[in-house]
Amino acid sequence: MGYDWHRPLESQTLRFTLLTFLAIVVGGLVLLIPPYFMQGTVETIEGVRPYTALELEGRDLYIREGCNNCHSQMIRPFKAETDRYGPFTMAGENVYERPFLYGSRRTGPDLSRVGGNYPDSWHWIHFRRPQDIEPRSNMPSFAHLYRWPLDLSLTQRKLEVLRTLGHPYADEEVRDAVAEAQAQAAVVVARLRDEQGIQVSETEAGSEIVALIAYMQRLGTDVDLPPIESARAGAAPGRP
Amino acid sequence: MSERVSIQYDMAVVRGFAISALVWGAVGMLVGLLAALQLAFPDLNLPPYLQFGRIRPIHTNAVIFGFTLGVVFAGSYYGVQRLCRVRMFSDSLSRINLWGWNAIIVAAAVTLLLGKSTSKEYAELEWPIDIAIAVVWVVYAINFFGTVARRREKGMYVAIWFWIATILTIAMLHIFNSMALPVSWWKSYSAYAGIHDANIQWWYGHNAVGFLLTTPILGLMYYFLPKQIDRPIFSHRLSIVHFWSLIFIYMWAGPHHLIYSPLPDWAQTFGTAFSVMLILPSWGGMVNGLLTMRGAWDRVRTDPLLKMFAVGITFYGMSTFEGPMMAVKSVNSLSHFTNWTIGHVHSGALGWVALTCFASLYYMIPRLWHTQLYSVRLAEAHFWVATIGLVLYVTSMWISGVTQGLMWRAVNPDGSLTYTFIETVAAIRVYDIIRVCGGALYLSGVVLMFINVWKTIQQGSSAVPEAGPALTPAPVGGGK
Ligand code: HEM
Ligand code: HEM
Numbered sequence: 015m016g017y018d019w020h021r022p023l024e025s026q027t028l029r030f031t032l033l034t035f036l037a038i039v040v041g042g043l044v045l046l047i048p049p050y051f052m053q054g055t056v057e058t059i060e061g062v063r064p065y066t067a068l069e070l071e072g073r074d075l076y077i078r079e080g081c082n083n084c085h086s087q088m089i090r091p092f093k094a095e096t097d098r099y100g101p102f103t104m105a106g107e108n109v110y111e112r113p114f115l116y117g118s119r120r121t122g123p124d125l126s127r128v129g130g131n132y133p134d135s136w137h138w139i140h141f142r143r144p145q146d147i148e149p150r151s152n153m154p155s156f157a158h159l160y161r162w163p164l165d166l167s168l169t170q171r172k173l174e175v176l177r178t179l180g181h182p183y184a185d186e187e188v189r190d191a192v193a194e195a196q197a198q199a200a201v202v203v204a205r206l207r208d209e210q211g212i213q214v215s216e217t218e219a220g221s222e223i224v225a226l227i228a229y230m231q232r233l234g235t236d237v238d239l240p241p242i243e244s245a246r247a248g249a250a251p252g253r254p
Numbered sequence: 005m006s007e008r009v010s011i012q013y014d015m016a017v018v019r020g021f022a023i024s025a026l027v028w029g030a031v032g033m034l035v036g037l038l039a040a041l042q043l044a045f046p047d048l049n050l051p052p053y054l055q056f057g058r059i060r061p062i063h064t065n066a067v068i069f070g071f072t073l074g075v076v077f078a079g080s081y082y083g084v085q086r087l088c089r090v091r092m093f094s095d096s097l098s099r100i101n102l103w104g105w106n107a108i109i110v111a112a113a114v115t116l117l118l119g120k121s122t123s124k125e126y127a128e129l130e131w132p133i134d135i136a137i138a139v140v141w142v143v144y145a146i147n148f149f150g151t152v153a154r155r156r157e158k159g160m161y162v163a164i165w166f167w168i169a170t171i172l173t174i175a176m177l178h179i180f181n182s183m184a185l186p187v188s189w190w191k192s193y194s195a196y197a198g199i200h201d202a203n204i205q206w207w208y209g210h211n212a213v214g215f216l217l218t219t220p221i222l223g224l225m226y227y228f229l230p231k232q233i234d235r236p237i238f239s240h241r242l243s244i245v246h247f248w249s250l251i252f253i254y255m256w257a258g259p260h261h262l263i264y265s266p267l268p269d270w271a272q273t274f275g276t277a278f279s280v281m282l283i284l285p286s287w288g289g290m291v292n293g294l295l296t297m298r299g300a301w302d303r304v305r306t307d308p309l310l311k312m313f314a315v316g317i318t319f320y321g322m323s324t325f326e327g328p329m330m331a332v333k334s335v336n337s338l339s340h341f342t343n344w345t346i347g348h349v350h351s352g353a354l355g356w357v358a359l360t361c362f363a364s365l366y367y368m369i370p371r372l373w374h375t376q377l378y379s380v381r382l383a384e385a386h387f388w389v390a391t392i393g394l395v396l397y398v399t400s401m402w403i404s405g406v407t408q409g410l411m412w413r414a415v416n417p418d419g420s421l422t423y424t425f426i427e428t429v430a431a432i433r434v435y436d437i438i439r440v441c442g443g444a445l446y447l448s449g450v451v452l453m454f455i456n457v458w459k460t461i462q463q464g465s466s467a468v469p470e471a472g473p474a475l476t477p478a479p480v481g482g483g484k
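In order, the protein sequences belong to chains A and B. Position one of the first sequence corresponds to residue 15 (the numbering used here), numbered consecutively onward. Position one of the second sequence corresponds to residue 5 (the numbering used here), numbered consecutively onward.
If you are wondering where the hints come from, they were derived from the structure by calculation, not from laboratory data. Each hint should be verified, as a subset may be incorrect.
Said to hold, decoys possible - Cβ-Cβ distance ranges computed for the label pairs, FRET-style:
#: 1; chain 1: B; residue 1: 34; chain 2: A; residue 2: 29; range: 43 to 53 Å
#: 2; chain 1: A; residue 1: 25; chain 2: B; residue 2: 302; range: 57 to 67 Å
#: 3; chain 1: B; residue 1: 190; chain 2: A; residue 2: 130; range: 52 to 62 Å
#: 4; chain 1: A; residue 1: 167; chain 2: B; residue 2: 414; range: 44 to 54 Å
#: 5; chain 1: A; residue 1: 146; chain 2: B; residue 2: 188; range: 52 to 62 Å
#: 6; chain 1: A; residue 1: 186; chain 2: B; residue 2: 281; range: 25 to 35 Å
Ideal placement from N, C-alpha and C gives every residue a C-beta, glycine not left out.
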């Protein structure tokens, strides 16, 4: 095979560029368009709801702090994985995930179903200094989240934007976004103080850590799942 | 072929990008070293800002967009003028490209430190910066195509093909993956949700690897390797075949980042199948590079630049063998989420991308300042510390990744999991420490390069006007 046929192309910039474009566009069209429109890609799952205002703020903090660089939120369908983290991830659970947070590294454990696995007080101690709970952990301390006040100035706008994108927030939810976030935060703080005996100062009660904990406790709780405690307990004797 | 005319090439923009790339390379790898240290010694996290979760994207953005793309801009501006025997289309566009791009990298570093991030890997920057990137990219495209259109040379040399593919693909990927609805200046929500967001992100992410860390680097190889070794590329026919197949096949392989995710099975299968096919065009590039050096291996012994090209191309071959293997479902079930991926990334990044970039810079810098390289022995030392460093980095991460993968899946006879998660963290700590040593060695090579370049610039001068065609013309085409 010679390459004489190719020579003319090498001197015709426009034609060469168009052909290049054709070559690079096909794969994307086939892989991106059909899944977007095909019915079967995303199954509808009962119980999957958008995040509350406070949880959404917590999720945005998760992104700000780059937790996704160490934690995945995608459980694969293997026994070892479902035993450790719970049922594997389904597309229908992720319909309100903007952006998706599957992650690509598991320096720390998967978090997609961490909600309810630990009491709030555990997170409270853990985030301030993870080594206090797990001396061999290489997770950083997030002590600043206990000092920085939770900023709710954009919360309502965030819900509006997400509603535009199709998240089914009710009018009141958007209108009262700030009040609802504050109310949910108060519940978290009350639980910490009254039920779990944690000293929460007033600064801390209005700080970002409360939103992050609310988000943690929400993760994976939309869908009714068989408890995974038995498997986890078997694997982790002595874990708190 | 062409009449002898005196062409004043625009080398100021090349000098600018060469220096900025070196600076971003040093910064980016320093941040990488800090990240590596933090994984081994978590007390080195200095929250709020200097904390692993925030600095990791600063590392990737600085080394990919500041360093690698900086060298690509420098090399393509250097090469395209000579290959077309014409000055850049527009000096103003060149300036906008240089200053605009570096402003973007500064903005990226600052906003990422402040936690303004979309979280999408290699696309972390928020929408105002995304728009700026699109604008500067279009400026580069106009400048590049304008130059090619006004060329005094009949054909376009293969390096130009690879740069054309880069320009088109990155524009397309960037625009579609960055679609988002703003909440404020520094916060937006992705236009896609859940699995669709994942699908488009890894279409972007994989092809960013393909068209930022592969095709433009092949362009550098195709331009600078024949120049340095002073012989034509081994086979023009191979160039043709591997160029078209590489760019076509690459675009199908993205789903290999989403194996065993909720992405439809048929799409995952496409990802695996095309990844395996991708070996052939990738190795086409490797063979073309290595065989260009055939019969000149004695020169490789004495020339650190050729050593860098040779080891770089070899690592290209290795990582493009490893990648397809990792795209096979059974292997990916072990490697995904582990340090194996990190080993793969850095065998490509430290081996192929950075060594080829260093060699291209070592080639250009003395010519840009009209002098000789200050010290060939220093460059030789750079080559050796870099190679030892990268071998330490990559092998430790391979072992670490396999260890992690095996421990995660290990089960006792009664079916319960053998290891707690934290036991798997503790087990890989020793490799994290070896990686720190490897990274430190690699970075010390960059420091040597800095000194060498500094001295070279001091002894040279940017003032002497370039006489275009009087210098050795690029070997165009040739071979079988
Ligand atoms: C001194 C040299 C370097 C050191 C010490 C270093 C260190 C690191 C560390 C610690 C990580 C995070 C790994 C993890 O999350 O477990 C990382 C990620 C990464 N680095 Fe480097 N790096 C270096 C050079 C480079 C260069 C030159 C490039 C590219 C040209 C590069 C590209 C990347 C990429 C793309 C990732 C993300 C990988 C992924 O998400 O899977 N690095 N690096
Ligand atoms: C034939 C070529 C290649 C194939 C088929 C391939 C395949 C793969 C696969 C299967 C993964 C792991 C995905 C996962 O489990 O999460 C991966 C990750 C990666 N590869 Fe390659 N690879 C190739 C070449 C390269 C080269 C030359 C580089 C250059 C540096 C590179 C850079 C990366 C990066 C940066 C990642 C990490 C992405 C992330 O998770 O953030 N690859 N590749």
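Each hint tested on the structure:
no. : hint                        : verdict
1   : B:34 <-> A:29: 43 to 53 Å   : 45 Å, holds
2   : A:25 <-> B:302: 57 to 67 Å  : 37 Å, violated
3   : B:190 <-> A:130: 52 to 62 Å : 32 Å, violated
4   : A:167 <-> B:414: 44 to 54 Å : 49 Å, holds
5   : A:146 <-> B:188: 52 to 62 Å : 36 Å, violated
6   : A:186 <-> B:281: 25 to 35 Å : 54 Å, violated
In summary, the structure is inconsistent with hints 2, 3, 5 and 6 from the numbered list given earlier, while agreeing with the others.
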